[in-house]
Amino acid sequence: MRFWQIVLRSLRQHWLSTSLAMFSIALGVALLAAVASLREQSHRNFTEEGLGVDAVLGPKGSQLQIVLNAVYHLEEMPGKIKWTYYTKVLKDPIVESGIAFATGHSYAGFRVNAIEDSFFTDFEYVAGQHFSFRPEDGGQGRVFQAREEAVAGWEAAKALHLHLGQTFNPVCGINAGDPVHVNDDIKFVGIMAPTGTPHDRAIYIPLKTFYTLQGHDEVAKMADDEEFREISGAYLKIKRIRGGAMHPGIQELKYNIDQSSAAQLVIPNEVLPRLFTIIGWVDRVLVVIGALVTLLAALFLVVALISALRERRRDIALLRALGAQRYTVFGLMLCESLAITLLGGVLGILAGHGLTAIGCHFIAAETGLRFSPWFVSVADVWLLPGMAALGVLAGIAPGIQAYRLGVLKNLTPIS
Amino acid sequence: MLRTTTGILAILSAWLLLAANKVLAEEHGHEAAHGGCLNELCECENGHAEVKVEGNLLRLWFVGGGNDTKKSVRVPDKELTLTVKGSNGAADKQVVLKAKPIELAEEKVGDCSCFEGQADWLKDVKEFVATGSVMFKGKKTAIRIEYPKGYDPDHDAPVKK
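Line by line, the protein sequences give chains G and B. Under our numbering, the first sequence has 361 at position 361, and the numbering climbs by one with no breaks. Under our numbering, the second sequence has 1111 at position 111, and the numbering climbs by one with no breaks.
Honestly, I wouldn't trust all of these hints.
The calculated PhoX-like cross-link candidates involving lysine-lysine, where the alpha carbons are at most 25 angstroms apart (straight line), are [said to hold, decoys possible]:
1) G/Lys-80 <-> B/Lys-1149
2) G/Lys-88 <-> B/Lys-1100
3) B/Lys-1085 <-> B/Lys-1149
4) G/Lys-82 <-> B/Lys-1085
5) G/Lys-60 <-> B/Lys-1149
6) B/Lys-1071 <-> B/Lys-1123
7) G/Lys-82 <-> G/Lys-254
8) B/Lys-1149 <-> B/Lys-1070
It is worth saying that the hints were derived from the structure and are not from the lab.
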């Protein structure tokens, strides 16, 4: 019988303890793999891609709240800013363009944002990528042109089964029970092609429609009077220097705006890493839990191998009597341990991707961001060698016991 | 045994010293909003004058004390005169800084935190010490600028023996 056949037969003989050890290792590895994958994808999505927004001009208040509202269509804006101030900012030499918006309305759980129509032509949700309504990209219809027209993001349209020509009445607020603009029937004239960004989860109406919705009596004046007009914020595109880098003057622009009494400039790529610093402990705790589960599984494996060895003392002694060397029986134990941890590791990585797939579904539902269950994280690369090392370590103690086993003493029948 | 204990204590002490030094350095590591040098006004907690030289242009921003170096402090002065000490026996030079209100911060002359002044000799200067005064937070306050390292008497003062 070959060496590996002995190993496999031994594993099969103790299938219950083997599978339990493998399952516990897989559990720990799955947790580690899923946490690492979701963490790396979140970092990439929230910090590197920036979702096409160089900077957000917003009211005074929490910078994080502004980014979550303007870029991710979550939370609420902490206030409003004057249109006249926004136009002043647009004149700054390093500002290339701006797109003003007004948030605070919703429909069936999706945000309804009033926005300038340049959003659909100038805004790049990823460098060089503009929104599309072309059927070949998955879109339908066109950009709004009239007051009573709206455009839906792909996710919103899919979730609400929207079709072109359908009308809706926006809710004045984002909470359950907020009043509905019952007399404002707004018609969907376009569905944006999927972008894989939170913009898929919003509905857009023309900026001026926001001011003239029925019930906005005081605000109606803002549609025509620029001195009186207010907006929730604006996306700013900053000029580029050589190499495509953002103009370094953005820091001075930020300083200048931040000194004003009513507005601030928020740079999403600076704010979001801070969010990770704040919530970073969550994934650290999960990583520690995963590592502890794996460690406990390894200890369980040691115990299982030692107890299995006790039952197999006679078999080992027989092997030795038939000419097997001490290091051969040591190797047997080591390889059994290695096989269990490696199989557990492979199963764990697969289960980890399964967990990630579940996480992706919930993240997409909540934020509109698309994560991939097949993303290869650093953990995927390091977990298997790590499990191999753990397997070797866990096999040492039972291996030494097998190595030291007395042949004559253990050849005696047990019963 | 005694030697081991002493060794462990020595390592622990060195580690504590390093950690304390790092904490102190971080605590006083104010960040200049414009990438210039920060000069304390009287004392660190009172405020700073951030100075940046770009060619023949000297720019100065009055900012807050402590960790508020990214918050502007407006002063009523319409212009400031800085006297730059001549090096190697050369005569002192003067540079007049005019108020340069930050429009986006709704500033105006007489209620402004930013000043600018031009002088050709600034182009060639690598370092200088300049003095002047300003009405800062309602008090006449001496300005001392040590360019480019910044003026920080609390931390530059030699240790008394």
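Hint check:
1. G/Lys-80 <-> B/Lys-1149: violated (41 angstroms)
2. G/Lys-88 <-> B/Lys-1100: holds (17 angstroms)
3. B/Lys-1085 <-> B/Lys-1149: Holds, at about 16 angstroms.
4. G/Lys-82 <-> B/Lys-1085: Given that 25 angstroms is the threshold and the Cα spacing comes to 47 angstroms, the pair is violated.
5. G/Lys-60 <-> B/Lys-1149: violated (34 angstroms)
6. B/Lys-1071 <-> B/Lys-1123: violated (29 angstroms)
7. G/Lys-82 <-> G/Lys-254: holds (17 angstroms)
8. B/Lys-1149 <-> B/Lys-1070: Holds, because 18 angstroms separates the two Cα atoms, which is no more than 25 angstroms.
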